[in-house]
Amino acid sequence: MEKGMIRGMDVSSYLEMKDKGYRYFDGTGEEVDVLEYAVKRGFNYARLRLWNEPQNEPESGGYCDLAQTIIIAKKIKALGMGFFLDFHYSDWWADPGHQKKPKAWENLSVDELCGAIYDFTKDCMEQLDQAGVYPDMIQIGNEIRTGMLFPDGAVPNWDNLARFVNAGIRAVLDTKGTHQIRIVLHLDQGGKYEYYREWFDQMMARGVKDFDIIGLSYYPFWHGTFSMFKQTMDALADRYHKDLVVAETAHAFRKSGGSFFREEQERAAGFRATPENQKKVLELIISIIAGTKDQRGLGFFYWEPFSRAPEDADGWGVCMGLMDEKGMPTKGFDAISFVPEECNAKKIAKIDCPEELVLWQDEICFEERLEDASIKNLLKKLLKNLPQQIEVLHMDGTVSWENVHWILNIVDNGNVIENEAGNTLKECHALLENVVEERHTLLENTAKECYTLLESAGKPDPLQIFVAEGVVENVPAEWANVSMRVFVEQTPENILKNGDFEDGMKDIFIRCSSGVSYGTDDDGFYFTSMENFTLELSMQAEVTPGDAYQAYFTYCGGNTTGTQVRFFVRDKEEEYICEVFPREAQFDRYSIEIPEAVSNSLTVGVKIEAPPVSGRIKSFILCRK
6 MEKGMIRGMD VSSYLEMKDK GYRYFDGTGE EVDVLEYAVK RGFNYARLRL WNEPQNEPES
66 GGYCDLAQTI IIAKKIKALG MGFFLDFHYS DWWADPGHQK KPKAWENLSV DELCGAIYDF
126 TKDCMEQLDQ AGVYPDMIQI GNEIRTGMLF PDGAVPNWDN LARFVNAGIR AVLDTKGTHQ
186 IRIVLHLDQG GKYEYYREWF DQMMARGVKD FDIIGLSYYP FWHGTFSMFK QTMDALADRY
246 HKDLVVAETA HAFRKSGGSF FREEQERAAG FRATPENQKK VLELIISIIA GTKDQRGLGF
306 FYWEPFSRAP EDADGWGVCM GLMDEKGMPT KGFDAISFVP EECNAKKIAK IDCPEELVLW
366 QDEICFEERL EDASIKNLLK KLLKNLPQQI EVLHMDGTVS WENVHWILNI VDNGNVIENE
426 AGNTLKECHA LLENVVEERH TLLENTAKEC YTLLESAGKP DPLQIFVAEG VVENVPAEWA
486 NVSMRVFVEQ TPENILKNGD FEDGMKDIFI RCSSGVSYGT DDDGFYFTSM ENFTLELSMQ
546 AEVTPGDAYQ AYFTYCGGNT TGTQVRFFVR DKEEEYICEV FPREAQFDRY SIEIPEAVSN
606 SLTVGVKIEA PPVSGRIKSF ILCRK
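Per the working numbering, the very first residue in the sequence shown carries number 6; after that it's consecutive.
Among the clues, some could well be false.
Simulated crosslink set (DSSO-like; lysine-lysine; CA at most 30 Å straight-line) [claimed, not checked]:
1) 247 x 108
2) 25 x 82
3) 623 x 260
4) 355 x 285
5) 385 x 355
6) 214 x 127
7) 352 x 285
8) 80 x 336
9) 285 x 386
10) 82 x 247
11) 355 x 214
12) 108 x 23
13) 577 x 630
14) 285 x 381
15) 285 x 45
16) 181 x 82
17) 260 x 45
18) 511 x 630
19) 25 x 260
20) 45 x 385
21) 352 x 336
22) 79 x 23
23) 385 x 298
24) 23 x 80
25) 45 x 25
26) 352 x 386
27) 260 x 336
28) 336 x 25
29) 298 x 214
30) 181 x 80
31) 79 x 25
32) 45 x 108
With beta-carbon atoms standing in for the labels, derived distance ranges [stated by the list, open to error]:
33) 44 x 181: 22 to 28 Å
34) 584 x 390: 26 to 32 Å
35) 316 x 360: 23 to 29 Å
36) 380 x 580: 40 to 46 Å
37) 298 x 555: 47 to 53 Å
In short, the hints are calculated from the structure, not lab data. Think of the CB as a built atom: it goes at the ideal place given N, C-alpha and C, for glycine as much as any other residue.
All chains, full assembly: derive it from the sequences and hints.
Following this line, the structure appears as structure tokens:
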């Protein structure tokens, strides 16, 4: 096995990209073989997925069978890279929401499935050995936190799942001979230690012990914050004394044209989709891995860095790779050879200041007409709603909370007119240390951008816009200055009788699969599930046909591959839908506009289809527009 940090890549689509005619270039524009180029840039390991009979699934294009795996593996070995093989035990994608049996195994019993796993694994390993490409690491199943070979091996069928995993492990051990090979068990949700503890405790209690490495998927827009990722890595190292590898990770270098990677994903990750941030995110992940307790962090695999897609498509190949739409390397490529140093452990990665804060008028006792209230008192009320401490993320994944001192400015038609101290703009900024003259212009521009932002997003005009400028304590000067927009919106009159769950589940319709735990408390509705599930929650209100309405939904929750959350309003045959991309760390507010009600009642609700996640609903609001 390669000494030093594993700097790996999943290149399963290598042949597919070649067949589709995609070309790749180095930074000077010279055409290159992308695998050869990757080695020159610092990659030392490659991962390949293996599907049983992909020709049974037309969407696969027939790729990722054993014959093609051997072709790519030979090139990997010739380039001196380590080889990591990923058994999916499916004819196509296996992930937390999809663990479909191969067509040839559909009607097998549990005992027969154990035999099929063993025979298939053993046969593949023997053929790989004969071809001279025996793997250095091997993965039994792909992202199997929710199980494998559904429904027989779906969590909580722990006994069956343990038998399936052990069948694969036994086949590897029976074929390895004199080869040095390490066995990986790979789950998603790399920032959620509780999932890993439950899974590995259940498996090890059932005799799953002959493995070497815990594999994690960690995508910061799906799997928790960077600090949660660090905590998970350290806790796993401490509890199981196993080495750890991030089997999948990535970040976007730009947004996609559709819904795959947009503002919601940026907010969840905490970094915008830019080439510079792609590099920073990877450096941060590498730093966390390198700092894992007891030096258990082996390294990482960037998932499909060379995947490409038509520019008008929506999905991974458009924005997530390390090559852009022209086949040129992104700035993220520079992070592959990044070497974290101990002296940089506490180097700041990001100051987590929200870009905007939206408040209902009753949250601050706001009076709609400013002249009817004391501006100074109003601003003091608003200041209490601003974060008094800002989260500072360090390169080692740790977080500190630092005090921030705010100056709040009222914005009117794009101009800053007053602040809480009654000072002029220049006097206001004189109070801030380390703020240069150019900040005046920046603030004025920010104020004007508020109105442009609202107009372009089609948002309703707020009652008032404010711009908050702050200075963060105990950080270097180049990081100290932060700003955010504050919007005060009119508090809607909710025509849903129990939209805030103050009366528990009264007037609430719920339909969910078995295994979902739910209830209400002072903070609204909550739910959790330890298995794949569906949940639909809804309520009705009488309305006037022909009138326009606005619906709001306030939600926070877990996320991963396969999670689908849809906020909806149903009006007879019409259904209005808002796709929700949740964040676990904080609530987000989503809205739907109903331009003209058809019937005399509207149904407002949410439908969730997901692997095991938790979530919380603060409120549903339906109001006349």
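Hints, one by one, checked against the model:
In summary, the hint linking residue 247 to residue 108 is not supported, as the alpha carbons are separated by about 35 Å, beyond the 30 Å threshold. A threshold of 30 Å between alpha carbons decides the hint, and for residue 25 with residue 82 the separation of about 24 Å falls inside it, so the pair holds. Pair hint residue 623 plus residue 260 holds up; C-alpha atoms about 29 Å apart against a cutoff of 30 Å. Between residue 355 and residue 285 the alpha-carbon distance is near 10 Å, which keeps this suggested pair within the 30 Å criterion.
For the hint pairing residue 385 with residue 355, the CA-to-CA distance comes to about 28 Å; that is within 30 Å, so the pair holds. Restraint check for residue 214 and residue 127: satisfied, since their Cα atoms lie roughly 19 Å apart, inside the 30 Å limit. Among the hinted pairs, residue 352 with residue 285 is consistent with the structure: their alpha-carbon atoms are about 12 Å apart, no more than 30 Å. A threshold of 30 Å between alpha carbons decides the hint, and for residue 80 with residue 336 the separation of about 26 Å falls inside it, so the pair holds.
Note on residue 285 and residue 386: the hinted pairing is violated, with a Cα-Cα distance of about 37 Å set against a maximum of 30 Å. Using a Cα cut-off of 30 Å, the hinted pair residue 82 and residue 247 holds, with the two alpha carbons roughly 26 Å apart. Proposed proximity of residue 355 and residue 214 is contradicted: the alpha carbons are some 39 Å apart, above 30 Å. Between residue 108 and residue 23 the CA atoms are separated by roughly 28 Å; this keeps the pair inside 30 Å, and the hint holds.
Distance restraint check for residue 577 and residue 630: the Cα-Cα separation of roughly 19 Å lies within the 30 Å cut-off, and the hinted pair is therefore satisfied. With a CA separation close to 41 Å, the supplied pair residue 285 and residue 381 exceeds the 30 Å bound. Between residue 285 and residue 45, the direct Cα distance comes to roughly 21 Å. Compliance with the 30 Å bound is thereby established for this hinted pair. Simply put, residue 181 and residue 82 have alpha-carbon atoms about 17 Å apart, close enough for the 30 Å limit, and the pair holds.
Distance hint between residue 260 and residue 45 is fulfilled; the C-alpha atoms sit about 28 Å from each other, no more than 30 Å. For the hint linking residue 511 to residue 630, the alpha-carbon distance of about 26 Å falls within 30 Å, and the restraint holds. Proposed proximity of residue 25 and residue 260 is supported: the alpha carbons are some 23 Å apart, at most 30 Å. Pair hint residue 45 plus residue 385 does not hold up; C-alpha atoms about 57 Å apart against a cutoff of 30 Å.
A distance of roughly 20 Å separates the Cα atoms of residue 352 and residue 336; the hinted pair therefore holds under the 30 Å criterion. A distance of roughly 16 Å separates the Cα atoms of residue 79 and residue 23; the hinted pair therefore holds under the 30 Å criterion. Note on residue 385 and residue 298: the hinted pairing is violated, with a Cα-Cα distance of about 45 Å set against a maximum of 30 Å. Distance hint between residue 23 and residue 80 is fulfilled; the C-alpha atoms sit about 14 Å from each other, no more than 30 Å.
Between residue 45 and residue 25 the alpha-carbon distance is near 24 Å, which keeps this suggested pair within the 30 Å criterion. A hinted pair counts as satisfied when its Cα atoms are at most 30 Å apart, and residue 352 with residue 386 does not qualify at roughly 35 Å. A hinted pair counts as satisfied when its Cα atoms are at most 30 Å apart, and residue 260 with residue 336 qualifies at roughly 15 Å. Restraint check for residue 336 and residue 25: satisfied, since their Cα atoms lie roughly 25 Å apart, inside the 30 Å limit.
Of the pairs offered as hints, the one joining residue 298 and residue 214 holds, with about 21 Å between alpha carbons and a cut-off of 30 Å not exceeded. Using a Cα cut-off of 30 Å, the hinted pair residue 181 and residue 80 holds, with the two alpha carbons roughly 21 Å apart. For the suggested pair residue 79 and residue 25, the alpha carbons sit about 21 Å apart, so the restraint of at most 30 Å is met. For the proposed pair residue 45 and residue 108, the alpha carbon gap of about 41 Å is over 30 Å, so the pair is violated.
Look at residue 44 against residue 181: about 26 Å separates their beta carbons, and that is inside 22 to 28 Å. The given range of 26 to 32 Å is respected by residue 584 and residue 390, whose C-beta atoms sit roughly 28 Å from each other. In this structure the supplied range 23 to 29 Å holds for residue 316 paired with residue 360, their Cβ-Cβ distance being about 28 Å. At roughly 44 Å, the beta carbons of residue 380 and residue 580 sit within the given window of 40 to 46 Å.
With their beta carbons about 49 Å apart, residue 298 and residue 555 fall inside the hinted range of 47 to 53 Å.
Violated hints for the displayed structure, listed by number in ascending order: 1, 9, 11, 14, 20, 23, 26 and 32.
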